[in-house]
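There are 2 protein chains.
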Amino acid sequence: MKTISIINLKGGVAKTISATNIAHILAVVHNKRVLLVDNDKQGNASKMFGLHSYDKPSVAELMTTHNVNLDEIIAHTQYANLDLIPANMTLLKANLEVMLDTTRPQQTRFKTALRSVEDEYDYCIIDNAPDINISTINALVASDDILIPIKIDKFAFDGLAELKEQIENTKEDLNPGLCLRGCLVTCYQRNEVNKQGEEWLKTQTEYPVFNTHIRRTEKVDESTFATTPIIEYSRRCGAARDYLKFVEEYLSK
Amino acid sequence: MKTISIINLKGGVAKTISATNIAHILAVVHNKRVLLVDNDKQGNASKMFGLHSYDKPSVAELMTTHNVNLDEIIAHTQYANLDLIPANMTLLKANLEVMLDTTRPQQTRFKTALRSVEDEYDYCIIDNAPDINISTINALVASDDILIPIKIDKFAFDGLAELKEQIENTKEDLNPGLCLRGCLVTCYQRNEVNKQGEEWLKTQTEYPVFNTHIRRTEKVDESTFATTPIIEYSRRCGAARDYLKFVEEYLSK
Chain A
238 MKTISIINLK GGVAKTISAT NIAHILAVVH NKRVLLVDND KQGNASKMFG LHSYDKPSVA
298 ELMTTHNVNL DEIIAHTQYA NLDLIPANMT LLKANLEVML DTTRPQQTRF KTALRSVEDE
358 YDYCIIDNAP DINISTINAL VASDDILIPI KIDKFAFDGL AELKEQIENT KEDLNPGLCL
418 RGCLVTCYQR NEVNKQGEEW LKTQTEYPVF NTHIRRTEKV DESTFATTPI IEYSRRCGAA
478 RDYLKFVEEY LSK
Chain B
238 MKTISIINLK GGVAKTISAT NIAHILAVVH NKRVLLVDND KQGNASKMFG LHSYDKPSVA
298 ELMTTHNVNL DEIIAHTQYA NLDLIPANMT LLKANLEVML DTTRPQQTRF KTALRSVEDE
358 YDYCIIDNAP DINISTINAL VASDDILIPI KIDKFAFDGL AELKEQIENT KEDLNPGLCL
418 RGCLVTCYQR NEVNKQGEEW LKTQTEYPVF NTHIRRTEKV DESTFATTPI IEYSRRCGAA
478 RDYLKFVEEY LSK
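Here the protein sequences line up with chains A and B, keeping their order.
Counting in the numbering used here, the first sequence runs from 238 upward without gaps.
Counting in the numbering used here, the second sequence runs from 238 upward without gaps.
Looking at chain A on its own, in the form it has when it is part of the complex:
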């Protein structure tokens, strides 16, 4: 099982849209067995699949339960091959609890829990909150690859330095195999700011950048209201074609 963290400290850069659509495309188009982990207390990835709830266990229990049984937390989506570990606001309290619990390791809870299902899935995609907290650190420790969705605007580079430092600390201390696979330009619009911003991004050497960018279309917003993955909602729109192409680019490297 290959584990990919989708992360950016900025909000509003299409993290959840990217995580849910990449997971859906890997499952439905490429026939991979995919586990999507919602690691944001806002629970938007869970809502996208109609699985946000307070009646069932969630990623909070993954964080706090010793010898957790993932089968009791994993929920099935309506798509074959695509399962989900949901999140809700209880994650906030779980994170505080983990910080106070010094009786067992705090940073390796995702890693240990996910190990128990590593033969059942080909890919695990973790959708992270725009934050550095104990559950995002757990995600980085459990991951092989990191993808950073980035929207080209005046403030696009906010927080990238902080994120990179955190990635490097995690790599050094807890997960030497962690790889920053690259930035994925999202919400791309045909204008000078986007064109120049993307060109500049590709010339710098600090952060790798994927060739494929994701175009901004209203269909994406509509698809979140319809809680339907973009290739089901509007297969011919720019963003659907871009996500399909992006997954191919990712898999080919």
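Calculated from the structure, these hints are not laboratory results.
What you are looking at is a predicted structure, and each value in this text was computed from that prediction instead of being measured.
Honestly, I wouldn't trust all of these hints.
In this list, chains with the same sequence are indistinguishable; a pair is considered to hold if it fits within one copy or across any two.
Said to hold, decoys possible - 27 Å max Cα-Cα, derived DSS-like pairs, lysine-lysine: (1) K388 with K456; (2) K482 with K408; (3) K391 with K408; (4) K293 with K269; (5) K348 with K330; (6) K391 with K432.
Put chain B on the given structure of chain A with help from the hints.
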């Protein structure tokens, strides 16, 4: 100086829109001297006044500098009587630094810093991140009143219990005068869900609710793109009239 924290653990409930417009109305309509504190690393309140920057000190320095001089951090907006302490992504690192610094009190840094300007302002409005972290706890410790913007939807009550617990802990341990003034219904639409949700909210006794709600209009979204307070952008729209009415309701109580 009366200090008001605008807070909700949920994102997307119009916290920043409420904080900036309430601050602007207090300053411009009611002629109060107002200090707005941006306490969210996303810096959206700072962006609303064109004051988001990495070249000038921000709320991060307020958190980490001993005997901080607020005059060096406070920025003037284009509106008379309305000043701002801006925020940017450096707040994330500042929060981590505060957590590790056990040489001075961690939770009272806002309170101590704001005391130095309490004769210069009538109101201090703090726009908080959708989180409980050391800088939101600092805001609660420094505040007299708490306002909770709330959007009536399926998940409106997510996190309210956690927030209330945090408010009560802060009150007990660090700030006995803290008052949960009430929930402010935002993004109100004329439909059955909103009508019934608001009615239910007003019948429960756990959380007080203001009479005035803020109607959802496209003008609000437009005003954020135009980075112009709503009563300047479109004084006659529903939301502008509602914010004016809300501030009157708040002041009359």
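Verification of the supplied hints:
1. Taking identical chains as interchangeable, the C-alpha atoms of K388 and K456 lie at most 27 Å apart whether they share a chain (17 Å) or sit on different chains (24 Å).
2. In the homo-oligomer, the alpha carbons of K482 and K408 never lie at most 27 Å apart, since the shortest distance is 29 Å inside one protomer and 53 Å across protomers.
3. Proximity of K391 and K408 under a CA criterion of 27 Å is satisfied in neither setting, with 30 Å inside one chain copy and 40 Å between copies.
4. Taking the shortest alpha-carbon separations for K293 and K269, only the intra-copy value of 26 Å comes in at or below 27 Å, while the best inter-copy value is 49 Å.
5. Within a single copy, K348 and K330 get their C-alpha atoms as close as 20 Å, and across copies as close as 25 Å, so both meet the 27 Å cut-off.
6. When the C-alpha separation of K391 and K432 is checked against a cutoff of 27 Å, the pair qualifies only within one copy, where the shortest distance is 13 Å, while the shortest distance between copies is 39 Å.
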